[in-house]
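Got two chains here, each in a separate frame; can you build the complex from them with the hints?
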Amino acid sequence: MNDKAVRRSPVLAGGLSLIPGLGQMYAGQRYRGGAILIATLLIAGVVVWYGRPGWSFAPIGIYLWNIWDAFSLARGRARSAFLPLLLGLVVAYGIGWQMIGIDLSAASGERAMAILRPMLRPDLFERRYELNRMWTPITVPCPTGDAPPAPPASRQDGEKRAFAMPDCAGVLETVIVSVSGMWPNAETEIWWETNIGDDKPLGGNENAPLIVETDETGSLTTTIRVPSTVLIAQPDPTLALTHRIYFDQRELTSGFQLSRNGRFVVQGMVESITMALMATFLSALLAIPISFLAARNLMSSSPITIVVYVIVRTILNITRSIEALIIAIVFVVITGLGPFAGLMALVVHSVAALAKLYSEVIEGIDPGPIEAIRATGARWTQIVRYGVIPQIVPPFTAFTIYRWDINVRMSTIVGFVGGGGIGFYLVQWIQINQMGAVGAAFLAIAVVVVTLDYFSAKLRERLV
Amino acid sequence: MLSVQNLTKVYPNGTQALKEVSFDVQDGEFLVVIGLSGSGKSTLLRCINRLIDPTSGKIFWDDLDITAASPSELRHIRRHIGMVFQQFNLVKRSSVMTNVLSGRLGYANPWLSLLGIWPAEEKQRAIHALERVGIADKAQSRADALSGGQQQRVGIARALMQEPKIILADEPVASLDPVLSHSILQYLEQLNKDGMTVICSLHFLDLVHRYATRVIALKDGIKVFEGLPKEIDRAKFKEIYGEDAQEVRATSLEAPA
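Taken in sequence, the protein lines are chains D and B.
Positions 79 to 542 (this note's numbering) are the ones given, in order, by the first sequence.
Positions 8 to 264 (this note's numbering) are the ones given, in order, by the second sequence.
Chain B on its own, in the form it takes in the complex (with noise of 0.2 Å):
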C-alpha cells in the first residue's frame, strides 16, 4: 500500500504546487489522477519516486518510507517504481534496445553497464519486454525512427524491465492521436491486471471512465475530489475543471474489447 500524507510542493520560485494531499493507493488498483493543466498532477506523481522533493509531508510504501529514503535507499526504491512520461523520454539517437536496458540501470552492474555491456539475459528480458508490447521487430531501429504510438510503447517496455510494483504515468497518452489512446491504456490495463499498482494522469473522462478503478482529482493542487469514476457527473466534473469547461472525448469510437 502506498500511504501519501500531507503532500506539499513549494517551487523555488514561490509556485505552490500541492497543498496537504492525502490519499492511499491499494495494491493492484488503477488509480487516476485528473485535474486542469498545471493543477499538480506531474508534481505529485514525482513526488512518489522523488524526482521531485517535496516541501513538506510524508510518502509510505507499506513501512517504508520514501521521503527519508537515503539516496542509495532511494535507488532501490526507484528499481520498482517504473515511470511512464507524456513525452516518452526515449534517448533518440539510441537505438530501442538501448532504450529499453536503459531500464534495467538500477540492477545492473555498474561498471559493465558504463561500457554498454549487457548480459544475455538481460538482453533476452530486454526481447521480452519489447514482445509484450508487440514491437519487438523493432529493437534495431533508432528511437526517433519510430512513430509516437510505438515510441511510447518502447517507454513501456523500458519500465517494464525494472520489474516494477508500481507503474507512475504521467499523461502517457496526451501526446498521442486519441484513437492509439485506448491501444497505449490497454497495455497499462494489461500490467494492472497482472499485478502492478497503476497511478496515471489522463486528461479525457472517458478514458477514465473506461480503465480508472478509482479517481482522485486535484484543482491547484488541492485535492478535490476522491471516488469511483462512476461518481463523476457533470455537477463534479464542473466544479474541477471550472464553469467553462466542455467534456470532450478521447475517440467516438467505441474502444475494442
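Looking at chain D on its own, in the form it has when it is part of the complex (with noise of 0.2 Å):
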C-alpha cells in the first residue's frame, strides 16, 4: 500500500462512503471501493428480492462498516473485513436455510426406523416350501344383453375340486368360494390373478393375503369380495372375461431358495450387468473411430482437420456433460420401456466419455518408437502394428474396464426412469413400500458393484 499517497481528509472520505465504496476510492483503494459496492448491493438485493426484512440488520450493518473503513483509510489505516464477510455469510446461510426448509423435526426417528427395519431383511431367500395349488375361472363381470350366458366357475385337478359362486360377478360383489381335496388343517392363501396376469390379494383392505385353514377333510369354504381394480387395466370394463382365484397351501421343507422379489432382484441384476456390458462393448466399437478425430495431434495438420477436430470435441463435451439418466428420459420416449433405452442412454453417455480418454491416449503416444520401427525399412501397417498399437490397446482396454465399472453403476439407476434393470424394480418397491425388496436390491448392487470394482482394479493394474 501506498500511504503517503492515500492520506486524504477522512471526513470526506466518510462522507462519500454514503455511496457505498465511494470513500475508499477517494482515499486511492480502487478494488477495495469496488469489491463493497458490489458487495453491499448483492447483499441488501438479495435481502429485497426474497422478502426478508428481518436480514436487514447485514447489509445496514456492512453500510455502516464502510464509512467507518473510509474514515480510517483516508487516516491511512485498513480496517479488518472479518465483519462484513461474516454478515454476507450469515445473510446467505440464513436465508438459504429458509429457502430450502430445513426442518429437523421434520426427520422423524420412527419413520426412518419403520423403513429400515424390513430394509435390514433383505426378502432375498426364503425357505424352500413344496406348494399344492389348486384355482377356479370365474367371468368378470356378468355377461351382459344377447352375451352367452358365464360359463360354470368350477374346476376339478384329480382329487382337487374348486369352485366359485356364482359364476360371474361384478367389482366389489360378493362371491362364495369353496376349494376340497387339499391338505388338511393346512393354511390355505386365496389370492385372485386378472385375466391379464396381475395379482391381487384378497385379505385386509385389498392390500394383505388373506389366509383361512381347511378342515379335516381337506375342504373349506369362504366369502370373498372381487377386488376392486381387477379392471383398472381394462379398455372395455364391460366386456365379460375369465380370471382365475387361486388356493395355495405350502409345507416349509428343509433348505432355502429365491424368494419372488429375489428372482425379480437377480432378474435385474442380470438385466443390469448384460445392460452394462453391452453398452460398453457398443461404444468402445463407436468411439475407436471417433476419438482418432478427436486426438490433437492426428488432427492439427490442415485447417480443415482442425476444424473437424474442433466439432468432434465439442459435441463430445456437450454429450458428455449430459447426465446418462437424463438421456435415459429421452430414450424412453424414443424407444418406449425397458431396457433398450436404458442400453441406448448409457452408449450416448460411454461414447463421449470413452472417445476423450482414448483420443487422450492418442495424443500421449511417444513417437520415438515409431520412428525408429520406421528407420528398419518396415512398411505402415507394420509400423502401426509393432510402433502404435502396443502403445495404445493396453490403456485402451484399462479406460474400457473402467467404463464398464461405471456403466454398472450408472445401469441399476437407469432403471428409475424406466430404463429397465434393477432400478426399475427398485423404483416400484419404493413406490409401494415393499422394504424388504428394496433392502435386498441394495445388498446386490452393492455386493455386484463391489466385486466388479476390485476385479476392474485388479485388471487394470496388470495392463497398465
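Among the hints, erroneous ones may be present.
[Unchecked claim] Computed footprint of chain D on chain B; a stretch qualifies when at least three of its residues, placed anywhere within it, have a C-beta under 8 Å from a C-beta of chain D:
no. : region
1   : 96-106
2   : 117-125
[Unchecked claim] Within a straight-line C-alpha distance of at most 25 Å, the following computed SDA-like cross-link-like pairs (lysine to any residue) qualify:
no. : chain 1 : residue 1 : chain 2 : residue 2
3   : B       : K145      : D       : R540
4   : B       : K130      : D       : V466
5   : B       : K99       : D       : Q234
6   : B       : K99       : D       : F334
These aren't lab readings, by the way, just hints derived from the structure by calculation.
These figures come from a predicted structure and were not determined experimentally.
Heads up, the beta-carbon is just placed ideally off N, CA and C, and yes, glycines get one too.
Structure representation (C-alpha cells):
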C-alpha cells in the first residue's frame, strides 16, 4: 500500500461512503471500493429480493462498517474485512436455510426405523417349500344383453375340486368360494389373478393376503369380495372376461431358495450387468474411430482437420456433460420402456466419455518408437502393428474396463426412469413400500458393484 | 561410400536446420558429428535414412541416390541402415524380444509379421543379437523394466537385426550416466571393427577423441570443421561451441581397455 498518496480528508472520505465504496475509492483504493460497492448491493439485493426484512441488519451493518472503513482508510489505516464477511455469510446461510425449508423435526426417527427395519431383512431368500395349488375360473363382470351366459366357475384336478358361486360377479360383489381335496388342517392363501396375469391380494383392505385354514377333510369354504382394481387395465370394463381364483398351500421343507422378489432382484441385476456390458462394448466400438478425430496430434495438420477436431471435441464435451439418467428419459420416450432405452442412454454417454479418454491416449503416444520402427524399413501397416498398437491397446482396454465399472453403477439407476434393469424394480418397490425387496436390491447392487470394482482394479493394474 | 552433397533442410516453420552441407564417409569409418544442441546434427542423421526429407541436396550411397528413392526402394535402403537413438525409442510396453524382432520388419513376411508370428530362425537371430550386447537373459522382460544402459543395448540389438552396413547413432549416450557411455560406445566400436560404418553424433570431446576416426562439426546448420579428432584443439573447440563453452569430460575415469 502506498500510504503517502492515500492521506486524504477522513471526514470527506466517510461522507463520500454514504455511497458504499466511494470513500475508499477517494482514499486511493479503487478495488476495495468496487468490491464493497458490489458486495453491499448484492447482499441488500438478496434481502429485498427474497422479502426477508428481518435480515436487513446485515446490509445495514456492512454499510456502517463501510463508512467507518473509509474514514479510517483516509487516515492511513485499513479496517479488517472480517465483520462484513461474517454478516454476508450469515445472510447467505440464513436465507438459504429458510428457502430450503430445513426442518430437523421433519426427520422422524420413528419413520426412518419403519423403513430401515424391513430393509435390514432383505427379501432375497425364503425357506424352501412344497406348493399345493388349485384354482377356479370366474367371469368378471357378468355378461350382459344377448351375450352367452358365463361358463361355470368350477374346476376339477384329480382329487382337488374348486368352485365359485355365482359363476360371474361384478367388481366389489361378494362371491362364495370353495375348495376340497387339499391338505387337511393347513393354512391356505386365497388370491386373485386377473385376465392379464396381475395378482391381487384378497385380505384386509385388498392389501394383505387372505389366509383360511382347511378342515380335517382338506376342504374350505369362505366368501371373498372381487377386488376393486381387477378391471383397472381393461379398455372396456363391460366386457366379460375370465379371471382366476387361486388356493395355495405351502409346507416348508429343508433348505432355502430365492424368494419371488429375490428372483426379480436376480433378473434385474442380470439385466443391468448385461446392459452395462453391451453398452460398454458398443460404445468402445463407436468411440475408437471418433477418438482418432478428436486427437489433436493427428488432426493439427490442415485447417479442415482442425475444424473437424474442434467440432468433434465440442460435441463430445456437450454430450458428456449430460447425465446418462437424463439421456435415458429421452430414450424412454423414443424407444419405449425397457432395457433398450437404458442401453442407448449408456451408449451415448459412454461413447462421449470413452472417445475423450481414447483420444488423450492417442495424443500421448510416444513418437520415438514409431520413428525407430520406420527407420528399420518397415511398411506402414507394420509400423502401426509394432509401434502404435502396443502403445494404445493396454490403456484403451484399461479405460474400457473402467467404463464398464461405471456403466454397471449407472445401469442400476437408469431403470428409475424406465430404462430397465434393477432400478426399474427398485423404484416400484420403493413406491409400494416393499422395503424388504428394496433392501435385497441394495444388497445385490452393493455386492455386484464392489466385486466388479475390485476385479476391474486388479485387471487395470496388470494392463498399465 | 556415402556421399552427402549440398544438403539443405528448411523446416515448414522457417527454421534452417542445414545449409549446403557436404562431406563423404568411407566404408568402415567411425565418423563423429559434433556441435551444439540445435546445430543440425539430428536433422543430418535423419536425412541420411530420410526419416526427414531434405529440402535440397543429394545423398549417394555408392551409386544409389537415396534422396531420389521411391517409397519401396527407400524401405530396402533403410533395411541396411541401423539407427540408435538418444531416447532409445523402444516400445516400452512390449517385451525386449518383440522390440529386437521389430528391427527385422524390413525383411519379414508382411502378413505373418502383422500377426506377430516370427520364424524360429529370426527368433534365434534376435537372441544372438541380444547375446552380442550381453543381455540375452532379459529377452522376456518388458522394455521399460530395464535400466537406461540396458535399454540402449536393446536399441543396438534392434539395429543389429537389420544386418546393417551403416549405423546412425543420434547422441546414443546423451541420456545415460557418463560412466555407461564407454560401455555403449565400445559396442558401437566393436561393430565398426566388424566392418560397419558408424555415423554418430556426440557431445563430449573426450569421447570424440577416444572413438572417432574422423570428425565433422556443425554450427547453425553449417559445416565448420572436418578432419581428424586430434586436430580439435582448444581454439577449434571454442570456434565450434562458442566463446562461453567449457570442455566437459564424460568421465574422469579412464575407459577400460
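query: Which of the stated hints cannot be reconciled with the structure, identified by number in ascending sequence?
result: 5 and 6
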